[in-house]
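Peer 1: Sequence:
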Amino acid sequence: MSSPISREALFEEIKSARERRKSPDLSRKTIKDLDLSQENLLGANFQNSDLRGCTLKGANLENTNFKGANLQDVDLEGADISGSDLEGC
Numbered sequence: 081m082s083s084p085i086s087r088e089a090l091f092e093e094i095k096s097a098r099e100r101r102k103s104p105d106l107s108r109k110t111i112k113d114l115d116l117s118q119e120n121l122l123g124a125n126f127q128n129s130d131l132r133g134c135t136l137k138g139a140n141l142e143n144t145n146f147k148g149a150n151l152q153d154v155d156l157e158g159a160d161i162s163g164s165d166l167e168g169c
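Residue numbers (the working numbering): 81 to 169.
Simulated from the structure, these hints should not be mistaken for lab results.
Treat the hints loosely; a few may be bogus.
To be verified - Pairwise CB distance ranges, derived in the manner of DEER restraints:
no., residue 1, residue 2, range
1, Arg100, Asp153, 18 to 24 Å
2, Lys137, Gly163, 27 to 33 Å
3, Gly168, Glu99, 28 to 34 Å
4, Gly158, Arg100, 28 to 34 Å
To be verified - Taking lysine-lysine pairs in the DSBU-like style, the calculated list, with each CA pair at most 35 Å apart, reads:
no., residue 1, residue 2
5, Lys112, Lys95
6, Lys147, Lys95
7, Lys137, Lys102
8, Lys102, Lys147
9, Lys147, Lys112
10, Lys137, Lys112
11, Lys102, Lys112
Built from N, CA and C at the ideal position, the CB exists for glycine as well.
Based on the provided sequences and hints, a complete structural model is requested.
Peer 2: Right, dumping it as structure tokens:
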């Protein structure tokens with residue numbers, strides 16, 4: 081697992097992927113304790129990432145890959161996780 085990524089670096093990766101019309105690949109990242117409420121993370125790949133303590137309230141997480149991700153203490157209240165893969169979380 082990598083060093084924790086900052087909010088700014090995370091959004092730079094998301095922006096770069098969107099500019100290439102790709103889904104953000106955030107697999108194997110350490111994204112701990114960030115507030116990502118109301119963000120559009122449609123189709124993002126968080127496979128095997130550490131999201132402990134993140135707040136994802138009301139976020140668009142439709143068709144997102146969380147396979148094997150650590151979602152301990154993640155707040156998903158009101159988030160759209162339809163079509164998302166939560167296997168092994």
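Peer 1: Now look at each hint and say whether the structure bears it out.
Peer 2: Verification of the hints:
1. Evaluation of the 18 to 24 Å hint for Arg100 and Asp153 yields a failure: the beta carbon distance comes to about 32 Å.
2. Range check, Lys137 to Gly163: about 19 Å between beta-carbon atoms, so the 27 to 33 Å window is missed.
3. In this structure the hint that Gly168 and Glu99 lie 28 to 34 Å apart at CB holds, the actual value being about 31 Å.
4. Taking 28 to 34 Å as the suggested C-beta distance range, the pair Gly158 and Arg100 conforms, at roughly 29 Å.
5. Proposed proximity of Lys112 and Lys95 is supported: the alpha carbons are some 19 Å apart, at most 35 Å.
6. Taking the CA atoms of Lys147 and Lys95, the gap is about 22 Å. The hint holds against a cut of 35 Å.
7. Distance hint between Lys137 and Lys102 is fulfilled; the C-alpha atoms sit about 23 Å from each other, no more than 35 Å.
8. A hinted pair counts as satisfied when its Cα atoms are at most 35 Å apart, and Lys102 with Lys147 qualifies at roughly 19 Å.
9. The hinted pair formed by Lys147 and Lys112 meets the criterion: a straight-line CA distance of about 17 Å does not exceed 35 Å.
10. Proposed proximity of Lys137 and Lys112 is supported: the alpha carbons are some 15 Å apart, at most 35 Å.
11. The straight-line distance between the Cα atoms of Lys102 and Lys112 is roughly 23 Å, inside the 35 Å bound, and the hint therefore holds.
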